[in-house]
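Participant: Letter by letter, the chains look like this.
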Amino acid sequence: MKSKPVIMEHFSTVHTSFVIDFSFTNNVTILTGDSGTGKTVVYSFIKECMAVNADILCLNYLDYQRDIKDIISNTEGKLIVIDNADILLDDDTRKYISLDNRNQYLIIGRNPKNLFVTKENLFEVVSRKRGEQTELSLKEYL
Amino acid sequence: MITIFKDRKDIPQDMEYVELNDVFFNQNTVSMLDEKAGGIIEQIDDSKFLGKYKICSRFNDVVLDIDKLSAGCKTVLNVLYYPDKVFCLKECGNNALEVLYGLDEGNVYSDYALIPFNMDKVMVWNGTEKYGVNDYEELKGWWDNEK
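Taken in sequence, the protein lines are chains A and B. Once you know that position 120 of the first sequence is 120 in our numbering, the rest is easy, because the numbers rise by one and skip nothing. Our numbering runs 142 ahead of the 1-based position in the second sequence.
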């Protein structure tokens, strides 16, 4: 599914020696790939940005008891970052996300069911050492 | 070999099902870790196991609390150290699945197929009995409800 990002086309931040530099080409970006590649590391750095950037909302397994669909359906104008999506998102919420044009999504998980995505939505994290820094960016998964 | 459940109803009542592998690992499995964990942590997360509560990060060689392991790695360690419980399989990447499928025992659940490219024989439930499967296509068929 190809749809232009409605909140931001670029996101960058720094956390100590880590530099995140992401370019978004779709409104729904699925961040997938092997275990241990840094997906949750990325989540933690983006979540830190929530403190200073009102355009970001982060959800993960700590929100397991909350109604995720209710939260996002009452949210507007944000990049919604969801880690542990394979256990947090039910079918109904996935369908809602696929049709939501008020928010943008970065979904960390492996199950694309009901999100109506294609390979254009699938990305993985790649890390590159630059001196003492580690740069994390997005690369097409397929 | 591990046993796979695709229907929550098939999990015996005396077996606990754990969906949040992160929480279970941080609260329980972490205290059980021994030298067996080191190889798995290195294989899946490419990190060094420095002791029960510490790992060396693959990214910048910084010493981290072991709660920073990936959810996939935590899942495999949960299954390894608690073979009497059933753990959610859904947060395992292919590299974690390959290790998981090679464990001597353990139990996992997912309602959709998660099969590593190189799979070992596993046990599956068909609702009333369990049987062995060692073929990718057969296992995919079982998960997709084919006869």
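It should be emphasised that the hints constitute simulated quantities derived from the structure, not laboratory data. Computed from a prediction, not measured in an experiment: that's the story for all the values here. Please note that the accuracy of each hint is not assured.
Claimed, not checked - Quick list of in silico lysine-lysine cross-link-like pairs, DSS-like style, CA-CA up to 30 Å: (1) A:Lys113 <-> A:Lys129; (2) B:Lys196 <-> B:Lys210; (3) B:Lys194 <-> A:Lys95; (4) A:Lys47 <-> B:Lys190; (5) B:Lys194 <-> A:Lys47; (6) B:Lys263 <-> A:Lys47; (7) B:Lys194 <-> A:Lys113; (8) A:Lys113 <-> B:Lys190; (9) A:Lys129 <-> B:Lys210; (10) B:Lys227 <-> B:Lys272; (11) A:Lys4 <-> A:Lys139; (12) A:Lys113 <-> B:Lys227; (13) B:Lys178 <-> B:Lys190; (14) A:Lys139 <-> B:Lys190; (15) A:Lys119 <-> B:Lys178; (16) A:Lys139 <-> B:Lys263; (17) A:Lys69 <-> B:Lys178; (18) B:Lys282 <-> A:Lys95; (19) A:Lys113 <-> A:Lys95; (20) B:Lys148 <-> B:Lys196.
Participant: It remains to establish, for every hint, whether it holds in the given structure.
Facilitator: Hints, verified against the model:
{"no.": "1", "hint": "A:Lys113 <-> A:Lys129", "verdict": "violated (34 Å)"}
{"no.": "2", "hint": "B:Lys196 <-> B:Lys210", "verdict": "holds (9 Å)"}
{"no.": "3", "hint": "B:Lys194 <-> A:Lys95", "verdict": "violated (41 Å)"}
{"no.": "4", "hint": "A:Lys47 <-> B:Lys190", "verdict": "holds (26 Å)"}
{"no.": "5", "hint": "B:Lys194 <-> A:Lys47", "verdict": "holds (27 Å)"}
{"no.": "6", "hint": "B:Lys263 <-> A:Lys47", "verdict": "violated (40 Å)"}
{"no.": "7", "hint": "B:Lys194 <-> A:Lys113", "verdict": "violated (37 Å)"}
{"no.": "8", "hint": "A:Lys113 <-> B:Lys190", "verdict": "violated (35 Å)"}
{"no.": "9", "hint": "A:Lys129 <-> B:Lys210", "verdict": "holds (20 Å)"}
{"no.": "10", "hint": "B:Lys227 <-> B:Lys272", "verdict": "holds (17 Å)"}
{"no.": "11", "hint": "A:Lys4 <-> A:Lys139", "verdict": "holds (17 Å)"}
{"no.": "12", "hint": "A:Lys113 <-> B:Lys227", "verdict": "holds (27 Å)"}
{"no.": "13", "hint": "B:Lys178 <-> B:Lys190", "verdict": "holds (12 Å)"}
{"no.": "14", "hint": "A:Lys139 <-> B:Lys190", "verdict": "holds (26 Å)"}
{"no.": "15", "hint": "A:Lys119 <-> B:Lys178", "verdict": "violated (37 Å)"}
{"no.": "16", "hint": "A:Lys139 <-> B:Lys263", "verdict": "violated (33 Å)"}
{"no.": "17", "hint": "A:Lys69 <-> B:Lys178", "verdict": "violated (40 Å)"}
{"no.": "18", "hint": "B:Lys282 <-> A:Lys95", "verdict": "holds (25 Å)"}
{"no.": "19", "hint": "A:Lys113 <-> A:Lys95", "verdict": "holds (9 Å)"}
{"no.": "20", "hint": "B:Lys148 <-> B:Lys196", "verdict": "violated (34 Å)"}
Of the numbered hints given earlier, the model fails hints 1, 3, 6, 7, 8, 15, 16, 17 and 20; all others are met.
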